[in-house]
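With the hints as a guide, dock the two chains, each given alone in a separate frame, to form the complex.
One-letter residues, chain by chain:
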Amino acid sequence: MSYIGIIITFVFINNFILTQFLGLCPFIGVSRKTDSAVGMGFAVIFVMSMASLATWAVYRLILVPLNIEYLQTISFILIIAALVQLVEMVIMRISPPLYKALGIYLPLITTNCAVLGIALIGVRSNYNALESFVAGIAAGLGFLLAIVVMSTIREQLDREWVPKPFRGVPIAFITAGLMALAFMAFDKALLKSLLG
Amino acid sequence: MYNEFTKGIFKENPIFIILLGLCPTLAVSTQVVNALGMGAGVIFVLLGSEIFVSLLKDFIPDRIRIPSYIVIIASFVTIVDLVMQAYAPSLSRSLGVFVQLIVVNCIILGRAEAFASKRKLGESLLDALGMGVGFTLGLLLISAIREILGAGTITLFAVGSFDGVIRIPGLSSQPARVLALAPGALLVIGFLKALFNWLEMRKEAREAWAVAAPPLMPAVAAATEGSAAEAAPAPSEGGAS
Chain A
1 MSYIGIIITF VFINNFILTQ FLGLCPFIGV SRKTDSAVGM GFAVIFVMSM ASLATWAVYR
61 LILVPLNIEY LQTISFILII AALVQLVEMV IMRISPPLYK ALGIYLPLIT TNCAVLGIAL
121 IGVRSNYNAL ESFVAGIAAG LGFLLAIVVM STIREQLDRE WVPKPFRGVP IAFITAGLMA
181 LAFMAFDKAL LKSLLG
Chain B
1 MYNEFTKGIF KENPIFIILL GLCPTLAVST QVVNALGMGA GVIFVLLGSE IFVSLLKDFI
61 PDRIRIPSYI VIIASFVTIV DLVMQAYAPS LSRSLGVFVQ LIVVNCIILG RAEAFASKRK
121 LGESLLDALG MGVGFTLGLL LISAIREILG AGTITLFAVG SFDGVIRIPG LSSQPARVLA
181 LAPGALLVIG FLKALFNWLE MRKEAREAWA VAAPPLMPAV AAATEGSAAE AAPAPSEGGA
241 S
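For the protein sequence lines, the chains are A and B, in the order given. Sequence positions in the first sequence follow our numbering and run 1 to 196. Sequence positions in the second sequence follow our numbering and run 1 to 241.
Extracted from the complex, chain B is given alone in its bound form (with noise of 0.2 Å):
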């Protein structure tokens, strides 16, 4: 059961791994505010939907499920669209058009069929959460590396006396404001996704390598590895450049 949630953080994660959901992932992603408002909305639609498509598989028609669950999902986007214009409309006016567009995020669709449509209420109910949460930490890494390279800021909420906005000494004068501005957004997750295949593929190597020659892996481990790790470009670095 447990694996059902922390798979969608690491494994299958949405937005690395199988590349769902990307187009609000990279308009969005300016600032680490709009990356929290559309990860709790994004969190809340999937959790309701597939809840609700959980709960209702035995009784929709398998010919009109899709549209069935396009409604579902659809319902719950016009509540969070409507809920944030009510409490939070700068939040709503900075994300604009793409809370609507949360109907079209091929994650919420692409899990009520995957997922939802064939397992029980728990599994499901813990697949929409590992999946929101893991779409969420994916969105904050790539607006907090175009916040603070692009602006030198770190925008959370307003409290009390203090705006909100962590200014990060150095980089708020000068930022290289092309990684806030759109071209950012595409060379953010270019070099992201590399690294995470350099990841992978070391993974896949390590694992080769253990299984051709156990005798001599941890030092040729620990060989391969430093070279690697020298020869591979920093993304953030290449990004901002």
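Okay, chain A solo, but in the shape it has when bound (with noise of 0.2 Å):
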């Protein structure tokens, strides 16, 4: 696949959270308001293509030529919660604003399930590096487009009369099942008519 259809792909067709489900508890958790959802989006970015990366190096040139597949799911998640201390590390060195703009949603990323979900996913796709990466960036991006047009949606329901049992956790719960169905408008079909 052409990397403007692994874009498109993860963005809209297979957006993470309102198709795939990955990365719930963030999307719930942080996205009261639109401030927050922006920081944590852009942390998610960072951190998922890293972590591609990462991933995609350890499974390509450790795990697979010492015939040790199997060990994928640990190797994974101890890449993952150590990538993500070591960028929270060198954020606080290089650029305190950065950090204190992303601090906070960094060590909620480690049991993110959507940084877990893209490594596994781009093995089992055979993605190269390049694409890998590229995957990782676009899943962050279509992260970061659902938990924004949900914060400020959030945002505005604070203001409207919600009847009581379904304030909070359901109404939002509701709110991003009418985004997921907005969203089947994008699916293989459209990536095809796009892309010839």
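If you're looking for bench data, these hints aren't it; they were derived computationally from the structure. Heads up, a few of these hints could be off.
Straight-line alpha carbon distances no greater than 35 Å define the calculated DSBU-like cross-link-like pairs of lysine-lysine that follow [what the hints assert, rightly or not]:
(1) B:K118 / B:K203
(2) A:K164 / B:K7
(3) B:K120 / B:K7
(4) B:K11 / B:K203
(5) B:K118 / B:K57
(6) B:K57 / A:K164
(7) A:K33 / B:K203
(8) B:K118 / B:K11
(9) B:K7 / B:K57
(10) B:K7 / B:K118
(11) B:K7 / B:K203
(12) B:K7 / A:K33
(13) A:K33 / B:K11
(14) A:K33 / A:K164
(15) A:K33 / A:K100
(16) B:K11 / B:K57
(17) A:K164 / B:K203
(18) B:K11 / B:K120
(19) B:K7 / A:K100
This is how it looks when you write it as structure tokens:
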């Protein structure tokens, strides 16, 4: 698949949140305010692109040559946990303002299934290094898109009257369901007609 | 002791009350058989990792406990993944990447950290069973709603001449297909969570009444119950429309 195809696939057609349900916990948890949603979105893009590249390297250069592919779950989750720590330390040294903006979201990302998800999907789809990296960025962009739209809707919802049992999480899920309904317009046929 | 088991099923149900482990819940709940397979996998991983964490808690240094727990959990997930690929290949294919994603299911790390790392083996075992069964029941409820309304079928394991699919007359010819697709999952969990909130609120209101006006209580409780039941929307109907 071409790089543009990968980007369209992961941002729209297989949007991680709205069609694959990966990364729902931060999506529901951090989407109350647009500012924090944007921060979380960029942190996820950053970590996902790094993680898919790092796990690709470990899988192709260590696990496959040694014939120990069955260790991928264990090794991937440890790589991601270590990577998040590393990214946190590097950002803290290089750019304190960026750290202030992203810092609190980074630890939350370790247990975000979206990061492990993109690593596993990259391996299953037999992507090369650059394709994995692009897929990571695209999936992160899809996450950013969904969480920013969601947070603006939720800020609006705060001013509306909602029946009491639906307040908070339930209405957030129903909103996400309606967004997912809209995203059903993006399907494989669209990709075909766009790229020929 | 018995309480350690039942709390996971009702009072602290991981899916509906504390909202943990949602990603696999929504993704694999398209068919009842997927819910059963996923539930079995999660129960096994929960049991294995809670037992190991509980046994090893005195040997694992505090500073590296989270990575150690993750390694323990990932080992059990690998076992489940490989066993499923070998003995239930079709189930393994339909669950896809979500079998491996059990490792980041917050229920498991959450229980290891909050419960098994502090309690004795027996209690941890019951806690794991209760949480696992509670997760499976929640998953079954969601997948049953989605499959019955979205496809008009209930898919179970194929045994002998029975192909494992129960078709519901009337529904299987004209199902509300959207419920079996991605948006349906989000709508169903939203309405179910609202239903559980409403039940909780009703219980609290009734307890408040009982304290505030004891002599009037039976009549008032009956009256509020009747009107509240009428006022509340039925969750499945709302999801289907």
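Right, here's what the structure says about each hint:
Restraint check for B:K118 and B:K203: satisfied, since their Cα atoms lie roughly 32 Å apart, inside the 35 Å limit. Distance hint between A:K164 and B:K7 is fulfilled; the C-alpha atoms sit about 26 Å from each other, no more than 35 Å. For the proposed pair B:K120 and B:K7, the alpha carbon gap of about 17 Å is at most 35 Å, so the pair holds. Between B:K11 and B:K203 the CA atoms are separated by roughly 13 Å; this keeps the pair inside 35 Å, and the hint holds.
For the hint linking B:K118 to B:K57, the alpha-carbon distance of about 8 Å falls within 35 Å, and the restraint holds. With a C-alpha separation of about 43 Å, the suggested pairing of B:K57 with A:K164 is violated against the 35 Å cut-off. Restraint check for A:K33 and B:K203: satisfied, since their Cα atoms lie roughly 32 Å apart, inside the 35 Å limit. Of the pairs offered as hints, the one joining B:K118 and B:K11 holds, with about 21 Å between alpha carbons and a cut-off of 35 Å not exceeded.
This hinted pair checks out: B:K7 and B:K57 have alpha carbons roughly 23 Å apart, not beyond 35 Å. Restraint check for B:K7 and B:K118: satisfied, since their Cα atoms lie roughly 17 Å apart, inside the 35 Å limit. The suggested pairing of B:K7 with B:K203 holds, with an alpha-carbon distance near 17 Å, which does not exceed 35 Å. Under the criterion of a C-alpha separation no larger than 35 Å, the hint pairing B:K7 with A:K33 is consistent with the structure, at around 33 Å.
At most 35 Å may separate the alpha-carbon atoms for a hinted pair to count; A:K33 and B:K11 meet this at roughly 30 Å. For the given pair, A:K33 sits about 21 Å from A:K164 by alpha-carbon distance, which is consistent with the 35 Å threshold. For the suggested pair A:K33 and A:K100, the alpha carbons sit about 17 Å apart, so the restraint of at most 35 Å is met. About 27 Å separates the Cα atoms of B:K11 and B:K57, which keeps this hinted pair within 35 Å; it holds.
A hinted pair counts as satisfied when its Cα atoms are at most 35 Å apart, and A:K164 with B:K203 qualifies at roughly 14 Å. Our distance criterion of 35 Å between C-alpha atoms is met by B:K11 and B:K120, whose separation comes to about 21 Å. Pair hint B:K7 plus A:K100 does not hold up; C-alpha atoms about 39 Å apart against a cutoff of 35 Å.
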